[in-house]
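*Asks:* Using the sequences and the hints given, assemble the complete structure.
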Amino acid sequence: MEEQFKRLLEKELKEVLSLALSQRQIHQFYEYYDLLIRWNEVMNLTAITEMEQVITKHFVDSLYLVKLIPDLLEGNYSIIDIGTGAGFPGLPLKIAFPDLKITLLDSLNKRIKFLDEVIFQLGLKEIETIHGRAEDFGRDKRYRGCYDFCVSRAVANLTTLSEYCMPFVKVNGSFISYKSGKIEEELNQAKSAIKLLGGKLDDNISFELPNADGERCLVKIRKLENTSKKYPRKAGLPGKEPLYL
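Per our numbering, the sequence shown starts with residue 1, numbered consecutively.
Don't read these hints as lab results, they were simulated from the structure. Computed from a predicted model, the values in this text were never measured in an experiment. Watch out, some of these pointers could steer you wrong.
Per label pair, the in silico range of CB-to-CB distance [stated by the list, open to error]:
| hint | residue 1 | residue 2 | range |
| --- | --- | --- | --- |
| 1 | 208 | 188 | 18 to 24 Å |
| 2 | 53 | 73 | 25 to 31 Å |
| 3 | 71 | 113 | 31 to 37 Å |
We treat Cβ as the ideally placed atom computed from N, Cα and C, and that holds for glycine.
*Replies:* This is the structure we're talking about:
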């Protein structure tokens, strides 16, 4: 099974991303996949479990960030992944680009335990996990305004995600949201909130993954100035009362 996994992963990385990884990195991806499937039998980590689908929809999708930020290959960047779930996109980014400094934040402790096990088994360094809510840690001076990039594949509208994520980003850094489907209306709705939070829509790229239904999109929001101390609002409010202005 491992050899089949390696062939499929190497093929998609080359064809979709023009990316070649070492055999150690490919093996780390297999270990991650194996742990994901085994842990998923006793806890809900992902509905996607078929090998080909995990490779495409979780691993390759996570790494598509390199198309938006090509110097990930050379950059010693700090990245926080908000609502990371089973580790996407933060863990694949760490495996593929080991010089990145990664923080994984999730509100469910059982998912954090899974992530800690993956990090331990793969021998990853300069990566940490946080159990908590973005609304709380976005106000913590140890994390607020400390990251070059904030990334998120969390399922929420862009206005809500921006309030969760922008406080973590340094001025001149960026928040990058992984989205699916057509997002023009969502982008228009989010523009005023993004400005209020100190940001500006900078770039976005749309793409399709092999043998996967639907369009994917990466939205890049550059932080131009510090986010007001009013944000993020207390837990629950960004989702219940988005900043539609």
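*Asks:* All hints, please: hold or fail.
*Replies:* Verification of the supplied hints:
For the hinted restraint 18 to 24 Å between residue 208 and residue 188, the CB-CB distance of approximately 23 Å keeps it satisfied. Checking the proposed 25 to 31 Å range against residue 53 and residue 73 shows it holds: the Cβ atoms sit about 26 Å from each other. With their beta carbons about 33 Å apart, residue 71 and residue 113 fall inside the hinted range of 31 to 37 Å.
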